[in-house]
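Student: Working from the sequences, and respecting the hints, build out all of it.
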Amino acid sequence: MHSFGFRANAVLTFGITILALICAMASISDNFNSPRPSSEIQILNINWFQKQPHGNDEIEDFQVWDVVPICLFSPIDATAAMVSLTMNITADLQSLFTWNTKQVFVFVAAEYETPKNALNQVSLWDAIIPAKEHAKFWVQTANKYRFVDQGSNLRGKDFNLTLHWHVMPKTGKMFANKLVIPGYRLPEEYR
Amino acid sequence: MGWMGDTVDSIKSIQIRQLLAQGVSLGMIVTSALIIWKALMCFTGSESPVVVVLSGSMEPGFKRGDILFLHMSNDPIRTGEIVVFNVDGREIPIVHRVIKVHERQETGDVEVLTKGDNNYGDDRLLYAQGQLWLQRHHIMGRAVGFLPYVGWVTIIMTEKPIIKYILIGALGLLVITSKD
Chain C
1 MHSFGFRANA VLTFGITILA LICAMASISD NFNSPRPSSE IQILNINWFQ
51 KQPHGNDEIE DFQVWDVVPI CLFSPIDATA AMVSLTMNIT ADLQSLFTWN
101 TKQVFVFVAA EYETPKNALN QVSLWDAIIP AKEHAKFWVQ TANKYRFVDQ
151 GSNLRGKDFN LTLHWHVMPK TGKMFANKLV IPGYRLPEEY R
Chain Y
192 MGWMGDTVDS IKSIQIRQLL AQGVSLGMIV TSALIIWKAL MCFTGSESPV
242 VVVLSGSMEP GFKRGDILFL HMSNDPIRTG EIVVFNVDGR EIPIVHRVIK
292 VHERQETGDV EVLTKGDNNY GDDRLLYAQG QLWLQRHHIM GRAVGFLPYV
342 GWVTIIMTEK PIIKYILIGA LGLLVITSKD
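Line by line, the protein sequences are chains C and Y. The first sequence lines up with residues 1 to 191 when you count with this note's numbering. The second sequence lines up with residues 192 to 371 when you count with this note's numbering.
Each hint should be verified, as a subset may be incorrect.
Unchecked claim - Below, simulated SDA-like cross-link-like pairs (lysine to any residue); rule was C-alpha separation at most 25 Å, straight line:
1) Y:Lys254 with C:Ser27
2) C:Lys136 with Y:Asn309
3) C:Lys144 with Y:Leu317
4) C:Lys178 with C:Trp138
5) C:Lys178 with Y:Asn309
To be clear, the hints were calculated from the coordinates, so they are not data collected in a lab.
Tutor: Right, dumping it as structure tokens:
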């Protein structure tokens, strides 16, 4: 009853139980935080709006891609067009941070509907916010990821820009939510 | 040395009934662990309710050795969710974030593109030859929670199987030599 083995076993079990309890409490404490994030996204300019050589509609910034031929970089299916846009993104996500937050992953996605697809969500830009000090930011950027449609449906298309955030804790449950900003529109013709 | 002598003595003095009783209680422990695992599978709706992160492609969010709790519901898959998926031909599931979703009008079928947070490009290079999108049946679950560092035990046991054998041997010895 008092051997080294028993004592070591008791200490380890107790230690692990307490650790698990603390992790659970840390995660539950996140529920008491009521965040009030805010954001604004402005599209400064549609740089490019072209039909791809293969056909898909795509919006993208050619300054990034023009070193690599598009067909080799990533095979897109046979009908696509391309768009490139520059955005101004302002956001204040400081209220999302609690003591149990490791980082917040934030990204902007374009949402729109086409005759073939009930919902299309295409992520345009993302960033990782490691700490509360960086959570209030202003960034002006071209879209990081290719804004491609499955087809050529983007002319004159209305779309929403949604700012999504994903709170990744130090331990426990992850939370995600979004802010939908409607009312953007693509030009009627390719240019 | 007294401990070794005691061990040898206790091995010599094993009775059949006691051995059987210990065998049954060991069996009970193993089966209750299995019951808990299967119940978790049912509860979370996912084939493997807990996975260990093996690569650094989701850093700094998920590091190698963290464990993720998965949940699969019939809710549609949307961008930003961290999903665990299997690619045909690869046995190890991959944990990445969804960056593009295209959902069909009539059927509700989705086509999904994923990317690791720490990777430069999307996952098309990881998909099977000629595959451009993931479908729902590839996805095993969504990550809903996580615990840091706990997965290192699994990684060590997988990469250095000798440690696994040593552990099982030691446990077996403990079971045989314990008086109750």
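Student: Now look at each hint and say whether the structure bears it out.
Tutor: Hints versus structure:
1. Y:Lys254 with C:Ser27: 19 Å, holds
2. C:Lys136 with Y:Asn309: Holds - the C-alpha atoms of Asn309 (chain Y) and Lys136 (chain C) are around 22 Å apart, at most 25 Å.
3. C:Lys144 with Y:Leu317: This hinted pair holds, its Cα atoms lying about 20 Å apart.
4. C:Lys178 with C:Trp138: 18 Å, holds
5. C:Lys178 with Y:Asn309: 22 Å, holds
The structure agrees with every numbered hint stated previously.
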